[in-house]
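Trainee: Spelled out from the first residue to the last, the chains are:
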Amino acid sequence: MKVLRLPKERLDLFASVLQQFGEVHAPVEQNGKYAFRALSRWSDARLDYPRTILPPKKYFVPPKDTLFQYKEGLGYVPADLAADRRIILFGLHSCDIYGLNILDQVFSGKYDDPYYQARRKNVAIIGVDCIPDEHCFCHSMRADFVDKGFDLFFQDLGDRYLVMVGTALGDDMVLATGSLFEPVTPEDLAEYKQRSSAKRKAFKLHVEIRDLPEIFELEYDSSLWKQVGDRCLSCGACSMVCPTCYCFDVADDVDLGARSGSRSRTWDSCLFSTHAMVAGGENFREGRASRVKFRYYHKQRGFVAEYGRPSCVGCGRCISACPVNIDISQVISQLRGIENATA
Amino acid sequence: MAKPTLGVFGLTGCAGDQLVILNCEDELLELTELVDIKDFLMASSGNDTSCQLDVALVDGAVLSQRDEDMLKRIRERSRLLVALGTCAVWGGVASLDRNQDRTRLLEDVYGEMGKKYDSLPARALHEVVNVDLSITGCPIEKDQLISAVASLLQGDPPLYPKYPVCTECRMREYNCLLIERGEICCGPLTVAGCQARCPGLNVPCVGCRGPADDANVESAMNMFGEKGIPREEIAAKLRTFAPAWGVNV
Ligand code: SF4
Ligand code: SF4
Ligand code: SF4
Ligand code: SF4
Chain A
1 MKVLRLPKER
11 LDLFASVLQQ
21 FGEVHAPVEQ
31 NGKYAFRALS
41 RWSDARLDYP
51 RTILPPKKYF
61 VPPKDTLFQY
71 KEGLGYVPAD
81 LAADRRIILF
91 GLHSCDIYGL
101 NILDQVFSGK
111 YDDPYYQARR
121 KNVAIIGVDC
131 IPDEHCFCHS
141 MRADFVDKGF
151 DLFFQDLGDR
161 YLVMVGTALG
171 DDMVLATGSL
181 FEPVTPEDLA
191 EYKQRSSAKR
201 KAFKLHVEIR
211 DLPEIFELEY
221 DSSLWKQVGD
231 RCLSCGACSM
241 VCPTCYCFDV
251 ADDVDLGARS
261 GSRSRTWDSC
271 LFSTHAMVAG
281 GENFREGRAS
291 RVKFRYYHKQ
301 RGFVAEYGRP
311 SCVGCGRCIS
321 ACPVNIDISQ
331 VISQLRGIEN
341 ATA
Chain B
344 MAKPTLGVFG
354 LTGCAGDQLV
364 ILNCEDELLE
374 LTELVDIKDF
384 LMASSGNDTS
394 CQLDVALVDG
404 AVLSQRDEDM
414 LKRIRERSRL
424 LVALGTCAVW
434 GGVASLDRNQ
444 DRTRLLEDVY
454 GEMGKKYDSL
464 PARALHEVVN
474 VDLSITGCPI
484 EKDQLISAVA
494 SLLQGDPPLY
504 PKYPVCTECR
514 MREYNCLLIE
524 RGEICCGPLT
534 VAGCQARCPG
544 LNVPCVGCRG
554 PADDANVESA
564 MNMFGEKGIP
574 REEIAAKLRT
584 FAPAWGVNV
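So the sequences go chain by chain: A and B.
FYI, the numbering for the first sequence is 1 to 343, going by the numbering used here.
FYI, the numbering for the second sequence is 344 to 592, going by the numbering used here.
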């Protein structure tokens, strides 16, 4: 991997060069929280943000995605994916890049999803490193460092960045700037190593994932699930904000007179009372407790069996978005019989 | 094939849901091409008040003997009866104090004369007759109305979300007023469909659409309690639109 350095005062220049590669999107402040948005000016970008309300999955699997339309006389009109504009997504944290790598396994693995893949090709990813806050546990989920899934990755070294070049596109971006980037120095590497180990020590939240699928298996009937289910409001917030919750519901919208209409998929959640309902009204997960339990089992056990690792990346969004403070790290600790795992 | 016949009726309420129909300006012409609107007092003075109807849309709640008789008559005339708006679906604002002594309430408001008025504790339509479809909202959402008509013309019921407002609020990436500002937002208990209109305007949800499926009222009350908000305050807020939340204080 090619590694370079960029003095921070040159970042603005780099950002202006970036525009020739697509529309630049980055986290912007929104009433004290952050959201990825198209930038009207580079100075709106906040690269030192804790986490965005929605993860970058919204760019690849939008909350409501029209798959095709149908019109009298025209028949089926497929979604024009090629026309999607090119976007440079600047400022993803490692956990979110990891989240996308996990979505890749789902949407570009055994079953190719053309909608997802077209967007994945149209969106460039530039990562930045971050300081964990009280809800971050990506370190425990092995998602605090990514070695793929980005075109460029910026590591903050104080007055400069250490820049990792992940793809040919990333290299093109670097080359397009002429001599803005410089070769790394031994001091840069020393600084990087020092900061990287300091970051590892900065995590306040820890979750032990070794043998977790087995613990889940053994604790299937734990009374904890009823306690959590009694508290859960089935509000769906945790699923919406999760970078790796990818369930969707497909439905048709028929226009008046049925001469035209569209089919779209909308974000869904296993927390909803209707998620496991089938024709005839039978519901496989009617009780709230069984639904909450399912979300945990899918992330921490089912996904491991299927893809070799939990789908949770430890971004902490579900913790900060839950109105009744259901905290995944605490649920796991309680299941393990450790009362307080917060170091 | 003859066009399906439609009637639109209002019981006691603000008639806002009927107004939403009239406000569908872009669709009204097409609507009249597809259905034969036979009886719609708010829109026309020349109505057929006795014909059989394929679909009756009824807004407002049952608040008087007159309402009750009218509703039963509509039920007899119609193949499908659709409750339109929070009052028709849940009871609405008028059901706020429906468990209190009616005679005393009438006297409080109208004095001596109150005793003579035809006034019953508010009931939702389904508490009086069979209801085939409910379109909630205060007022109803235009897109849910159009999709109901479009689907019913195909012989299908429309698909509406049953999950809470929070889901739409998060999909739209709004700030959470409850978590971030400690406001009493009824979004976790209220059924979605409005695209989280109020939180999108920085105003907490007051629950105008009525309960979401499987709303966990008890847990929400505890959560608000932990924030120092008295149960009575939450209960009063929820009662404003629907007794069906079943809040215990
Ligand atoms: S489960 Fe929670 S912490 Fe894990 S990836 Fe999803 S939102 Fe983040
Ligand atoms: S955010 Fe909390 S209350 Fe809402 S569905 Fe998730 S666990 Fe339940
Ligand atoms: S603002 Fe209200 S509706 Fe939106 S997420 Fe928060 S509690 Fe739910
Ligand atoms: S956010 Fe709540 S109060 Fe506002 S329109 Fe929607 S349901 Fe009604």
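Since the hints were made in silico from the structure, they are not lab data.
Some hints here could point you the wrong way.
To be verified - Calculated cross-link-like contacts (lysine-lysine; reagent style DSSO-like; alpha-carbon spacing at most 27 Å):
1. A:Lys-33 - A:Lys-226
2. B:Lys-505 - A:Lys-58
3. B:Lys-381 - B:Lys-458
4. A:Lys-226 - B:Lys-415
5. A:Lys-204 - A:Lys-193
6. A:Lys-33 - B:Lys-381
7. A:Lys-110 - A:Lys-58
8. B:Lys-505 - B:Lys-485
9. B:Lys-505 - A:Lys-64
10. A:Lys-226 - B:Lys-570
11. A:Lys-71 - B:Lys-485
12. A:Lys-33 - A:Lys-8
13. A:Lys-110 - A:Lys-148
14. A:Lys-201 - A:Lys-8
15. B:Lys-570 - B:Lys-346
16. A:Lys-193 - A:Lys-8
17. B:Lys-485 - A:Lys-64
18. A:Lys-148 - A:Lys-58
19. A:Lys-2 - A:Lys-64
20. A:Lys-204 - B:Lys-570
21. A:Lys-148 - A:Lys-193
22. A:Lys-2 - A:Lys-121
23. A:Lys-2 - A:Lys-148
24. B:Lys-346 - A:Lys-71
25. B:Lys-381 - B:Lys-346
26. B:Lys-458 - B:Lys-505
27. A:Lys-8 - A:Lys-226
Unchecked claim - In silico contact screen, one side only, chain B against chain A (beta carbon under 10 Å); selected entries:
28. Ile-380
29. Lys-381
30. Phe-383
31. Gln-497
32. Pro-501
33. Ala-555
Cβ coordinates follow ideal geometry from the N, Cα and C atoms, glycine included.
Trainee: Now tell me if each hint is right for this structure.
Mentor: Results for each hint:
Straight-line distance between C-alpha atoms of Lys-33 (chain A) and Lys-226 (chain A) comes to about 32 Å, which puts the hinted pair past the 27 Å bound. A C-alpha spacing of about 22 Å is found between Lys-505 (chain B) and Lys-58 (chain A), which places the hinted pair at or below 27 Å, so the restraint holds. For the given pair, Lys-381 (chain B) sits about 37 Å from Lys-458 (chain B) by alpha-carbon distance, which is inconsistent with the 27 Å threshold. Restraint check for Lys-226 (chain A) and Lys-415 (chain B): the C-alpha separation of about 44 Å exceeds 27 Å, so the hint is violated.
For the hint linking Lys-204 (chain A) to Lys-193 (chain A), the alpha-carbon distance of about 20 Å falls within 27 Å, and the restraint holds. Simply put, Lys-33 (chain A) and Lys-381 (chain B) have alpha-carbon atoms about 52 Å apart, too far for the 27 Å limit, and the pair is violated. Restraint check: the Cα-Cα separation between Lys-110 (chain A) and Lys-58 (chain A) comes to about 22 Å, which is no more than 27 Å; the hinted pair holds. Between the alpha carbons of Lys-505 (chain B) and Lys-485 (chain B) the distance comes to roughly 17 Å, so the proposed pair stays at or under 27 Å and holds.
For the given pair, Lys-505 (chain B) sits about 16 Å from Lys-64 (chain A) by alpha-carbon distance, which is consistent with the 27 Å threshold. Taken as a hint, the Lys-226 (chain A) and Lys-570 (chain B) pair is honoured in the structure, with Cα atoms around 23 Å apart against an allowance of 27 Å. The suggested pairing of Lys-71 (chain A) with Lys-485 (chain B) holds, with an alpha-carbon distance near 22 Å, which does not exceed 27 Å. Using a Cα cut-off of 27 Å, the hinted pair Lys-33 (chain A) and Lys-8 (chain A) holds, with the two alpha carbons roughly 24 Å apart.
For the suggested pair Lys-110 (chain A) and Lys-148 (chain A), the alpha carbons sit about 20 Å apart, so the restraint of at most 27 Å is met. Proximity of Lys-201 (chain A) to Lys-8 (chain A) is assessed by CA-CA distance (about 25 Å); at most 27 Å being required, the pair is judged to hold. For a cut-off of 27 Å, the pair hint linking Lys-570 (chain B) to Lys-346 (chain B) is broken: about 55 Å separates their Cα positions. Proposed proximity of Lys-193 (chain A) and Lys-8 (chain A) is supported: the alpha carbons are some 19 Å apart, at most 27 Å.
Taking the CA atoms of Lys-485 (chain B) and Lys-64 (chain A), the gap is near 19 Å; set against the 27 Å cutoff, the hint holds. With a C-alpha separation of about 20 Å, the suggested pairing of Lys-148 (chain A) with Lys-58 (chain A) holds against the 27 Å cut-off. With a CA separation close to 38 Å, the supplied pair Lys-2 (chain A) and Lys-64 (chain A) exceeds the 27 Å bound. Restraint check: the Cα-Cα separation between Lys-204 (chain A) and Lys-570 (chain B) comes to about 25 Å, which is no more than 27 Å; the hinted pair holds.
Restraint check: the Cα-Cα separation between Lys-148 (chain A) and Lys-193 (chain A) comes to about 19 Å, which is no more than 27 Å; the hinted pair holds. At roughly 22 Å between alpha-carbon atoms, Lys-2 (chain A) and Lys-121 (chain A) fall within 27 Å of each other, so this suggested pair holds. For the suggested pair Lys-2 (chain A) and Lys-148 (chain A), the alpha carbons sit about 13 Å apart, so the restraint of at most 27 Å is met. For the proposed pair Lys-346 (chain B) and Lys-71 (chain A), the alpha carbon gap of about 22 Å is at most 27 Å, so the pair holds.
Proposed proximity of Lys-381 (chain B) and Lys-346 (chain B) is supported: the alpha carbons are some 11 Å apart, at most 27 Å. With a C-alpha separation of about 41 Å, the suggested pairing of Lys-458 (chain B) with Lys-505 (chain B) is violated against the 27 Å cut-off. For a cut-off of 27 Å, the pair hint linking Lys-8 (chain A) to Lys-226 (chain A) is broken: about 51 Å separates their Cα positions. Restraint check, Ile-380 (chain B) versus chain A: the minimum CB separation of about 14 Å is more than 10 Å; hint violated.
About 19 Å separates the beta-carbon of Lys-381 (chain B) from the nearest beta-carbon of chain A, more than 10 Å, and the hint is not met. Hint on Phe-383 (chain B) is violated. Least Cβ distance to chain A is approximately 17 Å, over the 10 Å limit. At about 6 Å, the closest approach between the beta carbon of Gln-497 (chain B) and any beta carbon in chain A falls short of 10 Å, and the interface hint on this residue holds. Nearest Cβ of chain A to the Cβ of Pro-501 (chain B): about 9 Å, under the 10 Å cut. The hint holds.
Among the interface hints, the one on Ala-555 (chain B) holds; its C-beta lies about 8 Å from the nearest C-beta in chain A, closer than the 10 Å criterion.
In the structure shown, a violation is registered for the earlier hints numbered 1, 3, 4, 6, 15, 19, 26, 27, 28, 29, 30, in ascending order.
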